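S.K.: Just so you know, the sequences run in chain order D and P. The first sequence begins at 328 in my numbering and counts up one residue at a time. The second sequence begins at 520 in my numbering and counts up one residue at a time.
To be clear, the hints were calculated from the coordinates, so they are not data collected in a lab. Some clues are possibly wrong.
Computed from the model, here is a short list of chain P residues facing chain D with C-beta under 10 Å [stated by the list, open to error]:
| no. | residue |
| --- | --- |
| 1 | S573 |
| 2 | D578 |
| 3 | V581 |
| 4 | Y618 |
| 5 | D645 |
| 6 | S673 |
| 7 | V692 |
Because the structure is a prediction, the values reported are computed rather than measured. Positions of the beta carbon are idealized from the N, C-alpha and C atoms, including for glycine.
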Amino acid sequence: MNTRLIKPEGSVGVDGRFGEFGGRYVPESLMGALDELEREWETARADPGFTDELARLLKVVVGRPTPLYDATRFSERVEARVLLKREDLAHTGAHKINNTVGQALLAARMDKSRIIAETGAGQHGVAAATAAAYFGLPCVVYMGATDVERQHLNVVRMEMLGAEVVPVEAGSATLKDAINEALRDWVTNVESTHYIIGSVVGPHPYPELVASLQSVIGEEARTQVLELTGALPDEVVACVGGGSNAVGLFRAFYRDDSVRITGIEAAGEGLDKRHGASISAGEPGVLHGARTMVLQGADGRITEAHSISAGLDYPGVGPEHAWLATSGRASYQAVTDEEALVGFKALAETEGILAALEPSHALAHVLAHGGASETILVGLSGRGDKDMTTIARAGKG
Amino acid sequence: MNGLTAHLEERRAGGRKLLVPYVMGGIPDRGSFPEAMVAAAEHADALEVGLPFSDPLMDGPVIADAGERAMASGTGPLDALELAAQAEVGAPKIAMTYYNPIHRIGEVEFCERAAAAGFAGLIVPDIPVEESESLRKAAGDHALAWIPLVAPTSSARRVADIVATATGFVYAVSTLGVTGARESLSERAARVVAACREATDAPVVVGIGVSNAAQAVEATRSADGVVIGSALVDLVLRSGSDAAREFLAGVRSALDTGG
Ligand SMILES: Cc1ncc(COP(=O)(O)O)c(C=O)c1O
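Pulled out of the complex, with its shape left as it was, chain D reads as follows (with noise of 0.2 Å):
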């Protein structure tokens, strides 16, 4: 399998930016432990016992390589042959594990004594507590109280994994609070603690170091649909919460000119009313650790992110796609709540796969207007079982 870790060209530079986005904007008591981890992945990337390592845990812990479906009824639907990356199949449900082994594993050689996370749908929750679980390592996991209720399957599952799970009341009780939380944990007690960041945000080195994780999903997608239909797609779609299944699923297409890379972000109710799209209808701003786009106010105060799925509300998002967008090499859409369910309901009809709402909305865009390309590859990021109540629900509406 190939592990090779990719960086895209002309991207990072050594302060960590991605053009004018990105950085490293913290308290001082985290800039050390920041250096600290930058040093350990630059040189674990680079050594074979730790790459090598890498590639059997994705293998016997994470079941990679995922499948490349051909997901012909949905297809029918859309006038365009509709390929999706399954990472709804690897271990835990969500593409997010691929992060978590990656950076336990990193913890492990840096010797640190316990794992923190945040979380917003529960995925990247239930991904960390299964990969310090593995290596034996507590975790405590920061979840928004909003979210610990409409993700509750979640909440139980990562208790069931010996995780910690603490609900966040402040701010709007999502994932943006948790990160918060999450940060201030980690100025306590940076010296023992690693945390597991579950997106490509924060601050330098973490954008990069979740992306180069990522990035597994768009190598074997790229070998994937070669290999089945001879020819590189024409579109690539997947979904923006912070954004890391996206740019693990985009990386390997930056150099394919011919592709056309979209970026799905949450149009919540409307972008005239609460929404969760930084780059459609956001300012650039600072935000955990990063100069990125950002919902705000006039006054700099972070505004309240709205979507139907916890994995996509928040008022950020991470500073390569802010990149990726300025310099024109991907578009960004968004999908409100109302398509998002329709394109859930799609894919379980002609295909049988309930997939999470995050994904979903992914798959709406491509419904509504897919018929432009041949061959579009869609990251089907998770399954949807975490989100049956909120669907249910929405559907009694």
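Given the coordinates of chain D, work out where chain P with the ligand should sit on it, guided by the hints.
M.R.: Just chain P with the ligand, lined up with the frame of chain D:
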């Protein structure tokens, strides 16, 4: 020399330990905030004014909740700057703000507004020395002293780079963690102060977790002064400005008499 620096160095030269109380903009409420400022400034050598922010990741529950309360009653970060201009206080004012409000309205514009509101210095806890060059310049251009933070985890090289940027005082973070009252002063505090002293002659003031007169006295055995934050904000909210004045009078006299 910056006005704040001259003011603090003169006091230090006179053998006085520096007391820097922290108040949250718009607390206990918009109407009484100027009164809280005046009370806190009475025995102070400088006054730190926190600007309420949505994502205060260096703050523990007391200051974070106070900020939420201020915002809920209509005091955002820029409102707090303007409110602070309304009170005639006897000590130089320092704005303590997270970076995004500055970034959003622009570094120069922000410094202009802070200076216009009578501020003499700036503390930004979420911008490291590597990212702060243009902001430091804007601050300097508007006669705002730059007060950088040094942490217990800062390497000697970082300490040297950081203190070199200080134009008011150096803020020595006493412990790993967020703001909030502590039972005792961390034994790390003296080490952080010593590391700063190695690298600078600027006043070194200890903050984070300093909660009472005894801890202030202990901290100033090595440091030139203390910031008292959460304990004071809590007191202003629970018992009002007079209680805050009395509390700080006690800290002042303990600092003056050495306990
Ligand atoms: C299935 C799934 N997809 C997508 C996301 C969004 O995260 P990201 O944008 O980092 O891929 C999440 C987050 O929880 C998720 O669980």
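S.K.: Determine for every hint whether it applies to the structure shown.
M.R.: Going through the hints against the structure:
1. S573: Interface hint status for S573(P): holds (4 Å vs cutoff 10 Å).
2. D578: holds, 8 Å
3. V581: violated, 13 Å
4. Y618: It holds, given that the least Cβ distance between Y618(P) and chain D is near 5 Å, below 10 Å.
5. D645: holds, 5 Å
6. S673: holds, 6 Å
7. V692: holds, 6 Å
Hint compliance for this structure: hint 3 is the single one not met.
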